[in-house]
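Residue numbers (numbering that gives the first Met the number 0), protein chains in the order written: chain A, 0 to 184; chain B, 0 to 290.
The set of hints was computed from the structure by calculation and includes no laboratory data. Be aware that one or more of the hints could be misleading.
Just a sample of chain B residues kept apart from chain A, beta carbon distances all over 12 Å, derived [claimed, not checked]:
{"hint": "1", "residue": "GLU150"}
{"hint": "2", "residue": "ARG170"}
{"hint": "3", "residue": "THR178"}
{"hint": "4", "residue": "SER235"}
{"hint": "5", "residue": "ILE259"}
Simulated pairs of lysine-lysine, DSS-like, Cα-Cα distance not exceeding 27 Å [unchecked claim]:
{"hint": "6", "chain 1": "A", "residue 1": "LYS50", "chain 2": "B", "residue 2": "LYS28"}
{"hint": "7", "chain 1": "B", "residue 1": "LYS1", "chain 2": "A", "residue 2": "LYS50"}
{"hint": "8", "chain 1": "B", "residue 1": "LYS1", "chain 2": "B", "residue 2": "LYS28"}
Predicted, not measured: the structure shown is a model, and the values here were computed from it. Beta carbons are placed, not taken as given, at the ideal position from N, Cα and C, and that holds for glycine.
So you can see what is in the structure, the chains are spelled out below.
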Amino acid sequence: MNGDPAHTTPAQAPARVPARRKRRLREPQSALTIRFTVNGETVERTVEVRKTLADFLREDLGLTGTHLGCEHGVCGACTGLLNGEPVRSCLLFAVQAAGAGIETVESLAPGEGLHPVQAAFREHHGLQCGFCTPGFLMSAVALLRDHTVPTDEQILETLGGHLCRCTGYQGIVEAVRAAARTWQR
Amino acid sequence: MKPAPFRYVAPRSVDETLALLAEHGAEGKILAGGQSLVPLLNMRLARPQVIVDINGIRSLAYIRRKDDHLHVGALTRQRAVEESATVRRQVPLLWEAIRFVGHPQIRTRGTVGGSLAHADPSAELPAVAAALDAELVVRSPSGERALSPGEFFAGYLTTALEPTDLLTEIRFPLLPERTGTAFVEVARRHGDFALVGVAAVVRRSDGTIAEARLAFTGVGPGPVRARGAEGRLAGSAGTSRVFADAAREAAARLDPESEIHATAQYRRDVAATLARRALELAWQRSGGRTR
Ligand SMILES: Cc1cc2nc3c(=O)[nH]c(=O)nc-3n(C[C@@H](O)[C@H](O)[C@H](O)COP(=O)(O)OP(=O)(O)OC[C@H]3O[C@@H](n4cnc5c(N)ncnc54)[C@H](O)[C@@H]3O)c2cc1C
Ligand code: FES
Ligand code: FES
Numbered sequence: 000m001n002g003d004p005a006h007t008t009p010a011q012a013p014a015r016v017p018a019r020r021k022r023r024l025r026e027p028q029s030a031l032t033i034r035f036t037v038n039g040e041t042v043e044r045t046v047e048v049r050k051t052l053a054d055f056l057r058e059d060l061g062l063t064g065t066h067l068g069c070e071h072g073v074c075g076a077c078t079g080l081l082n083g084e085p086v087r088s089c090l091l092f093a094v095q096a097a098g099a100g101i102e103t104v105e106s107l108a109p110g111e112g113l114h115p116v117q118a119a120f121r122e123h124h125g126l127q128c129g130f131c132t133p134g135f136l137m138s139a140v141a142l143l144r145d146h147t148v149p150t151d152e153q154i155l156e157t158l159g160g161h162l163c164r165c166t167g168y169q170g171i172v173e174a175v176r177a178a179a180r181t182w183q184r
Numbered sequence: 000m001k002p003a004p005f006r007y008v009a010p011r012s013v014d015e016t017l018a019l020l021a022e023h024g025a026e027g028k029i030l031a032g033g034q035s036l037v038p039l040l041n042m043r044l045a046r047p048q049v050i051v052d053i054n055g056i057r058s059l060a061y062i063r064r065k066d067d068h069l070h071v072g073a074l075t076r077q078r079a080v081e082e083s084a085t086v087r088r089q090v091p092l093l094w095e096a097i098r099f100v101g102h103p104q105i106r107t108r109g110t111v112g113g114s115l116a117h118a119d120p121s122a123e124l125p126a127v128a129a130a131l132d133a134e135l136v137v138r139s140p141s142g143e144r145a146l147s148p149g150e151f152f153a154g155y156l157t158t159a160l161e162p163t164d165l166l167t168e169i170r171f172p173l174l175p176e177r178t179g180t181a182f183v184e185v186a187r188r189h190g191d192f193a194l195v196g197v198a199a200v201v202r203r204s205d206g207t208i209a210e211a212r213l214a215f216t217g218v219g220p221g222p223v224r225a226r227g228a229e230g231r232l233a234g235s236a237g238t239s240r241v242f243a244d245a246a247r248e249a250a251a252r253l254d255p256e257s258e259i260h261a262t263a264q265y266r267r268d269v270a271a272t273l274a275r276r277a278l279e280l281a282w283q284r285s286g287g288r289t290r
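With the sequences and hints as input, model every part of the structure.
Here it is in structure tokens:
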């Protein structure tokens with residue numbers, strides 16, 4: 000039905016193409032089976048098309064590190080990486096991630112210790128309640144992968160896409176500056 | 000589940016998209032970067048029956064020089080524009096303005112075509128298109144047409160696009176020598192929609208303004224060109240006085256809305272100051288010095 004290998008129609012959904020049509024048009028679906036990687040692991044699930052990636056990560060995969068604040072793109076709490084780039088997971092449908100690589104905050108410290116960016120946040124009081132932190136961390140990781148020595152302007156531009164109600168931001172800025180120095184990439 | 004139920008389809012080509020749009024008509028809705036549409040879906044302010052996701056159409060994402068225009072595919076991410084040395088060199092006004100659109104995490108998904116098609120009254124890119132007299136290329140089942148910004152923008156969140164139309168490309172004319180451009184804005188926080196934004200284009204001939212263009216955002220239902228002030232600037236000397244007078248004249252003719260964040264009078268005052276700054280900056284960038 001669908002030529003894209005990462006995007007298949009679930010068996011239970013009838014995928015009929017009316018015979019009257021000459022050229023086969025793709026039929027819109029209410030649910031799709033998608034395959035993609037989340038934190039390096041391949042995931043294949045059938046998902047309702049209107050489910051956001053954020054809800055899919057939290058509810059279907061139990062990855063509740065991705066937080067939901069506003070659910071309309073403003074706060075940044077849900078920010079994750081799509082093929083390495085920071086995106087709002089509340090503004091992306093899970094089916095749109097078919098074939099892609101997703102990274103969430105859970106990927107940062109799979110073992111015991113903290114990721115250097117996380118450690119810097121702890122060291123420099125970059126968090127208090129921690130609600131906003133997963134989003135800040137993922138944006139900071141993406142920035143620091145691209146720029147080993149980011150300018151303050153780049154740091155502020157990146158962090159400007161996130162809201163924090165607790166810290167007053169200065170600790171977060173300091174944490175990212177520090178992480179640029181301590182993270183051995 | 001935030002959005003109301005819909006069905007989803009991801010076409011792989013422009014032709015397939017047009018066929019799907021024709022099939023589903025007013026029940027269908029194009030999904031590009033989703034940075035404006037998905038909030039509307041999440042809040043159930045929009046309830047389309049069928050979402051036509053064009054993100055898989057690679058052939059709609061490009062930045063290409065063709066003769067004396069820069070062609071930008073509608074699906075080109077705003078982030079790609081911002082990172083393009085070609086755009087920065089050849090259409091610096093677009094480059095300068097796009098960095099005011101939301102945040103990096105928004106621009107990784109948001110598209111050039113999506114911003115123009117959405118036509119938010121405070122969006123930056125419609126003013127850029129208006130100031131540059133860009134051409135907006137639209138495909139429909141009956142063929143292709145190129146619209147001027149005046150034809151394309153039809154009012155508050157409204158364009159000339161029909162439900163069966165796809166915006167495919169935006170053509171930005173390259174500006175002649177000795178032309179400077181500038182985009183300035185005031186927003187409540189960096190990354191917010193503009194309270195007022197101004198795009199200016201100034202071409203000079205020695206100490207004289209050969210041609211000037213001024214487009215505002217945030218002060219009307221769509222982008223607003225200040226034709227009166229433009230006419231008055233052409234042929235004048237490039238002095239601070241001339242720019243300030245033209246900016247005041249342009250701002251006085253605006254009819255912005257009052258809302259909780261800014262009264263109409265405040266917006267007009269800001270517009271006058273920003274227009275002067277934008278004109279002076281554009282003039283300086285054209286190689287002129289303001290006296
Ligand atoms: C937190 C936040 C801050 C923002 N700040 C700003 C800002 O400061 N300035 C600003 O200008 N914008 C801002 N935006 C919106 C901007 O990011 C969007 O990118 C833009 O308005 C829509 O582009 P999109 O590609 O995301 O389109 P979508 O949201 O996918 O679509 C928007 C509309 O356009 C239609 N459409 C999209 N592409 C096409 C096409 N090719 N042909 C026909 N119709 C099409 C869709 O059907 C829909 O109606 C912000 C968004 C967020 C979430
Ligand atoms: S929850 Fe996605 S940006 Fe706020
Ligand atoms: S630490 Fe509480 S919101 Fe940022």
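Now the hints, each set against the structure:
1. Once the 12 Å rule is applied to beta carbons, B:GLU150 is consistent with being away from chain A; the minimum gap is 30 Å.
2. Every CB of chain A is more than 12 Å from the CB of B:ARG170 (nearest about 27 Å), matching its label as outside the interface.
3. For B:THR178, the condition that its CB be more than 12 Å from all CB atoms of chain A holds, with the nearest at approximately 28 Å.
4. For B:SER235, the non-interface assignment is confirmed: its Cβ lies about 36 Å from the closest Cβ of chain A, beyond the 12 Å cut-off.
5. At roughly 17 Å, the least C-beta separation between B:ILE259 and chain A is larger than 12 Å, which holds for a residue marked as non-interface.
6. Restraint check for A:LYS50 and B:LYS28: the C-alpha separation of about 17 Å stays at or below 27 Å, so the hint holds.
7. With a CA separation close to 8 Å, the supplied pair B:LYS1 and A:LYS50 stays within the 27 Å bound.
8. With a CA separation close to 17 Å, the supplied pair B:LYS1 and B:LYS28 stays within the 27 Å bound.
When each numbered hint is compared with the structure, no violation occurs for any of them.
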